[in-house]
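Participant: Kindly produce the complete structure, drawing on both the sequences and the hints.
2 protein chains.
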Amino acid sequence: MRKIHVLTRKEDINREKLTDCTAVVIDALLATSTIAAVLHHGAKEVIPVLNEQEALLACETLTEESYVLCGEKGGHTLEGFQNPDPVELLKRDLSDKSIVLSTTNGTVAVQKCSAAKSVYTSSMLNGPAVASHIKKEQDTSSVLIVCAGSDNRFSLEDFLSAGYLISELIKENNLSWKLTDSAKAAFQLYESQSHRITEVFKDTETGCLLAELGFSKAVTYAGQSGIIPIVPRWTNNRLVNAKRVSC
Amino acid sequence: MRKIHVLTRKEDINREKLTDCTAVVIDALLATSTIAAVLHHGAKEVIPVLNEQEALLACETLTEESYVLCGEKGGHTLEGFQNPDPVELLKRDLSDKSIVLSTTNGTVAVQKCSAAKSVYTSSMLNGPAVASHIKKEQDTSSVLIVCAGSDNRFSLEDFLSAGYLISELIKENNLSWKLTDSAKAAFQLYESQSHRITEVFKDTETGCLLAELGFSKAVTYAGQSGIIPIVPRWTNNRLVNAKRVSC
Numbered sequence: 001m002r003k004i005h006v007l008t009r010k011e012d013i014n015r016e017k018l019t020d021c022t023a024v025v026i027d028a029l030l031a032t033s034t035i036a037a038v039l040h041h042g043a044k045e046v047i048p049v050l051n052e053q054e055a056l057l058a059c060e061t062l063t064e065e066s067y068v069l070c071g072e073k074g075g076h077t078l079e080g081f082q083n084p085d086p087v088e089l090l091k092r093d094l095s096d097k098s099i100v101l102s103t104t105n106g107t108v109a110v111q112k113c114s115a116a117k118s119v120y121t122s123s124m125l126n127g128p129a130v131a132s133h134i135k136k137e138q139d140t141s142s143v144l145i146v147c148a149g150s151d152n153r154f155s156l157e158d159f160l161s162a163g164y165l166i167s168e169l170i171k172e173n174n175l176s177w178k179l180t181d182s183a184k185a186a187f188q189l190y191e192s193q194s195h196r197i198t199e200v201f202k203d204t205e206t207g208c209l210l211a212e213l214g215f216s217k218a219v220t221y222a223g224q225s226g227i228i229p230i231v232p233r234w235t236n237n238r239l240v241n242a243k244r245v246s247c
Numbered sequence: 001m002r003k004i005h006v007l008t009r010k011e012d013i014n015r016e017k018l019t020d021c022t023a024v025v026i027d028a029l030l031a032t033s034t035i036a037a038v039l040h041h042g043a044k045e046v047i048p049v050l051n052e053q054e055a056l057l058a059c060e061t062l063t064e065e066s067y068v069l070c071g072e073k074g075g076h077t078l079e080g081f082q083n084p085d086p087v088e089l090l091k092r093d094l095s096d097k098s099i100v101l102s103t104t105n106g107t108v109a110v111q112k113c114s115a116a117k118s119v120y121t122s123s124m125l126n127g128p129a130v131a132s133h134i135k136k137e138q139d140t141s142s143v144l145i146v147c148a149g150s151d152n153r154f155s156l157e158d159f160l161s162a163g164y165l166i167s168e169l170i171k172e173n174n175l176s177w178k179l180t181d182s183a184k185a186a187f188q189l190y191e192s193q194s195h196r197i198t199e200v201f202k203d204t205e206t207g208c209l210l211a212e213l214g215f216s217k218a219v220t221y222a223g224q225s226g227i228i229p230i231v232p233r234w235t236n237n238r239l240v241n242a243k244r245v246s247c
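Read top to bottom, the protein sequences are chains L and V.
All residue numbers for the first sequence refer to the UniProt record's numbering, where the first residue is 1 and numbers rise by one.
All residue numbers for the second sequence refer to the UniProt record's numbering, where the first residue is 1 and numbers rise by one.
The hints are simulated quantities; they were obtained by calculation from the structure and are not laboratory data.
Copies of the same chain are indistinguishable here, so a pair counts whether it falls within one copy or spans any two.
Heads up, simulated DSSO-like pairs for lysine-lysine below, C-alpha to C-alpha not over 27 Å straight-line:
id	residue 1	residue 2
1	K91	K243
2	K73	K3
3	K202	K3
4	K178	K202
5	K117	K17
6	K3	K178
7	K44	K91
8	K73	K178
9	K178	K217
10	K91	K217
Facilitator: What follows is the structure, given as structure tokens:
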């Protein structure tokens, strides 16, 4: 049986325990929703970085016009950056662009997971695609779902999105999976709230903060279930659609 | 509005942030269920300690026949100690006894919370009593529910019991409470599972371990909702029933 475990915060990641795991990072508001959205709308890759400085360094390796620089800290747009609001970003021409992305929690969590056997990102938008891809792998490694959380704290939207991913992973053959306590909690919580995800997202701590900052459309967007068939996979320090990798 | 927050593991306790909080520690399998049970069955007090050595030191201050020494580590009974299985303990005469209690998670969590403004312990057994007592306090401090967890990990039974406590706290006037994301998750999870608590308890990681070790009756016992009207409160390095304190 393949194990599924959930960490509720990026601060709980233990690099040494990661190496044999398939890690899936979730920061549903907004980093990993943005990643799914931009890859679906033509971006070539997302380069997730730890902070503003790393973002600027990453841009130095890219040719002008080939990238979009996005970043926020605590919900506020970094100066000279685009806000990583998917609703606004998708209005731009992202075709074959590299998206350099710096966020408070999500991109930091991806970097912290880089030692894992394989690293994906997921969200409400692309949970079924990620689950389907993982199920097709010839692999029995444990699936470690890492909720980015928010500055050291539990985030309800990440935990719910973890539950959605789990429900998609186990739905055809739940006997082939062993869920830890945190995975069971996320799954049971998702099952009880699946009919009102948008409402729950709007009522979360980050959802309320984003609404205050003028990004309520982004919260509604990120609460949509399974609308994007993209599997962002960590490859050569960037996230690309796994289907493109395997072609 | 009074805030309710939930920590999913004792390792997340930040002593400095505790001082203005009402802390409620939950280790439903088994420490805080045992504490409620023994106080209800006549014990004078419970002395929660960090480990075997501290337990033996605590006994030195007590007269022979006045105490019962209970302790486990990783589910296994400490040599020379009684196992803190409430079902077995309640067969003894506990009248006016001090229960010296050392457990892997619960008693350690209580000690780690000792800097809080006030400290209670709760479980499925006595959640309504603890909630009722907290609601009657002339106090607007944040309620911090500390799930002990299990050796650094999330425990489903503690999170569910936190949700039960929250449902009892908010049920008459939910507008007077502000729930953080983790509190909402625990509450929503409890609401969805309240009809099958015993089943969920048996299926948790600790529930399965205890069954393997021969304590399945204790798991069933601890899964009972609201059968004990005891409010264990931390006073002078020990837990006593708050109602007795206030008389």
